[in-house]
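Protein sequence lines correspond, in order, to chains P and S.
Per the numbering used here, residue 1 is the first one in the first sequence, and the count goes up by one each step.
Per the numbering used here, residue 1001 is the first one in the second sequence, and the count goes up by one each step.
Mixed in with the good hints, there may be bad ones.
Covered, in the sense of this in silico footprint (three residues per stretch, anywhere, with C-beta under 8 Å from a C-beta of chain S), are these stretches of chain P [to be verified]:
#, stretch
1, 56-64
2, 168-177
3, 182-189
Everything labelled a hint here was simulated from the structure, so no lab data went into it.
Idealized CB from N, CA, C, for every residue including glycine.
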Amino acid sequence: MSPRLLKRLSTLAICLLCCSPVWAHGGLVGMKAVWDGALHILTSPLSLAALVGASAVLAGIRERLIFALSFAAASSAGAAFLISSYLPAYATPAIIAAVGLIGVGAWRPSESFAFAIAAFAGLAGGLAAELNSPSVPTIAGVFLAEFIILAGVLTAYFDFASMQKLIGVLPIARRVLGSWVAAIGLLMTTLALQVGKQ
Amino acid sequence: MNEGRFQFAPPSATNTSLKVLSALAFFCLAASASAHTGEGGANGFLAGVLHPLTGFDHLLAMVAVGIWGATLGKPLVWALPVAFPMLMVVGGVLGIAGVPLPFIESGIATSVVVLGLAIATAWRAPVPIALAIVAAFGVFHGYAHGAELPSAASPSAYVAGFVLCTGALHLTGVAIGTLKRLPKGEHALRACGGLIAAAGVWIFAGMPGVA
């Protein structure tokens, strides 16, 4: 064994002996409510449908608006619990269906209307997360999940749109995703109306 | 200009088709996963995903829509997979509301036969007619899905599952449809259509030998 290797192994051994015990996940205890909020968005099919619908409609909007739109969507998702008790059960899927139908039509909204769509889609996502009197960290989790995903998808769209091979595919993908979101929204609206009747 | 960067040659249609077919073969060989069954929302989602997959008639019809769209080219390659879920909603609404719709199973079997024949005969249907055919069949398939919706463990997860699975089957069909770029690919697709139509007749006859 060369002196150099011996020196390195000794250093490694000292480092390993000196390290403090690891408390796995210890730091997450305080963050639990934040993850909880984020997971409500990520595990609710309707919340995800709202996010996908918003992405399908807003993809391709001016790059400088991406973060403002994501902020609008995330803010309304975080504030959704404030009005959830005043809205009928069919409101959430109806908003999602409307967003999906806009995606199917490949309608390119104006800047101001894009903000309205982002706010409504965020609201639907927040309502579908079904949070009852959430704590501030939980709301922060909802906000962060909505903001990061939407901003990430819209930013990634610009990278994909610059790829020659995807130029023809992306508008089709947006329509197809829009049709899936619209189908989910319309079926759930019908079910909510049917349950309400009974 | 691009010195120092990796240059990738664009994959040929043959390569892409072979990759897609290999992937499909692997999916067909995969054993079913049984982890975490029966867990609320996940169960609803899985039930939704499995509904089109476990029904042979649904499976063939969805894949046939994709193949037919791919063989017809633009704009039907995307218009058919978009129109289908939209009209499936109409059937789904009727199913949820419990409105009786006659000949559902026959309609679904007919959809398999008609779509199979359309592929087998390489019928280049005009856009409105192709859309009308797919839309009409979408109502039958949607009704069958929708009728099960109110009893699902988690309706929203069930809806998401079957809509995503239906879409994925359409895309699988479109991927199979890319075979037409291969030499003899068109013949292979027509043979595929013939098999689908034959399976449709078998389903129509009540699947003798199985059911």
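Hint check results:
1. 56-64: This one is violated; 0 residues, fewer than the three required, reach chain S with a Cβ under 8 Å.
2. 168-177: Per the Cβ count (3), the hint holds.
3. 182-189: holds (count 6)
The structure does not agree with numbered hint 1 stated previously, though it agrees with all others.
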